[in-house]
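Those protein sequence lines, which keep their order, are chains A and B. 96 is the number that UniProt numbering gives to position 96 of the first sequence; each next residue is one higher, with no gaps. 29 is the number that UniProt numbering gives to position 29 of the second sequence; each next residue is one higher, with no gaps.
These are calculated hints, taken from the structure and not from any lab test. One or more of the hints may lead you astray.
Straight-line distance between alpha carbons at most 30 Å, and here's what the computed DSS-like set of lysine-lysine pairs gives [said to hold, decoys possible]:
1) A/K63 / B/K63
2) A/K78 / A/K63
3) B/K78 / A/K63
2 protein chains.
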Amino acid sequence: MLTLAPGVLDGLKYDERGLVPVIAQEEDGTVLMLAWASREALDATVATGYAHYWSRSRRELWKKGATSGHLQEVVAVKVDCDADAVLYLVRQTGPACHTGSRSCFS
Amino acid sequence: MLTLAPGVLDGLKYDERGLVPVIAQEEDGTVLMLAWASREALDATVATGYAHYWSRSRRELWKKGATSGHLQEVVAVKVDCDADAVLYLVRQTGPACHTGSRSCFS
C-alpha cells in the first residue's frame with residue numbers, strides 16, 4: 001500500500017482534460033516514459049501499487065502491462081512543487097517501451 | 001553545440017498550444033523538474049546548449065536561470081518513442097527548484 005499525504009491528489013492541478021503528466025522513473029534513476037494520469041488513474045495506482053495511466057489514444061484507464069505483462073510496481077508517488085506534475089518511482093517488469101526498449105527515451 | 005538527428009524537432013508532436021512536456025534530468029539520474037517547451041525554446045536550447053522552456057504563467061520564452069543564475073547546461077536532448085515528450089540531460093547550477101530544493105520533486 002502506497003501512502004501519500006492527505007489531500008495530495010485533491011490538490012493537484014489537472015489540465016483542461018482532467019489529466020496530469022506523469023514521469024515513470026526506475027529506481028536506478030532511468031527515466032522510462034512520460035504518460036498521463038487522470039484522478040481515477042492516480043487513485044488506482046495508490047490503491048493497487050501498480051502504475052495506472054489514462055490512455056489519450058484509447059481514451060480509457062490503462063493499467064501499464066495489463067496486456068503485455070510489463071507491469072510497473074510503484075514504490076513512491078511524488079508530486080512537484082507546484083502540484084502540476086507527478087513522478088512514479090517504479091520497479092519495471094520487462095521493457096517499459098512498446099518498441100521493446102527499456103526506456104521510451106532510448 | 002548539441003547535435004540532433006535532422007528533422008527531430010520538426011517531427012515532434014506539439015500540443016494544441018504548440019508545446020511539448022520536457023523532463024530535466026541531472027546526469028546522476030535525479031529528475032529535477034517537468035516544464036514545457038515551444039519549438040522556439042527547443043531551438044534556443046540546441047543553439048546555446050542551455051535549457052530554454054516556455055513559461056506558461058508568464059507566456060514567454062524562458063531561459064532557465066537567466067534571473068537566478070541557476071542555469072542548466074544541456075548535455076543531450078532526447079525525444080521519446082512517439083515524439084511527444086522530450087528529455088534534457090543537464091548539468092544543473094544551484095537548485096533547480098524555485099523553493100531552493102535541488103529537485104522540484106523533492
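Verification of the supplied hints:
Among the hinted pairs, A/K63 with B/K63 is inconsistent with the structure: their alpha-carbon atoms are about 37 Å apart, more than 30 Å. Under the criterion of a C-alpha separation no larger than 30 Å, the hint pairing A/K78 with A/K63 is consistent with the structure, at around 19 Å. Between the alpha carbons of B/K78 and A/K63 the distance comes to roughly 26 Å, so the proposed pair stays at or under 30 Å and holds.
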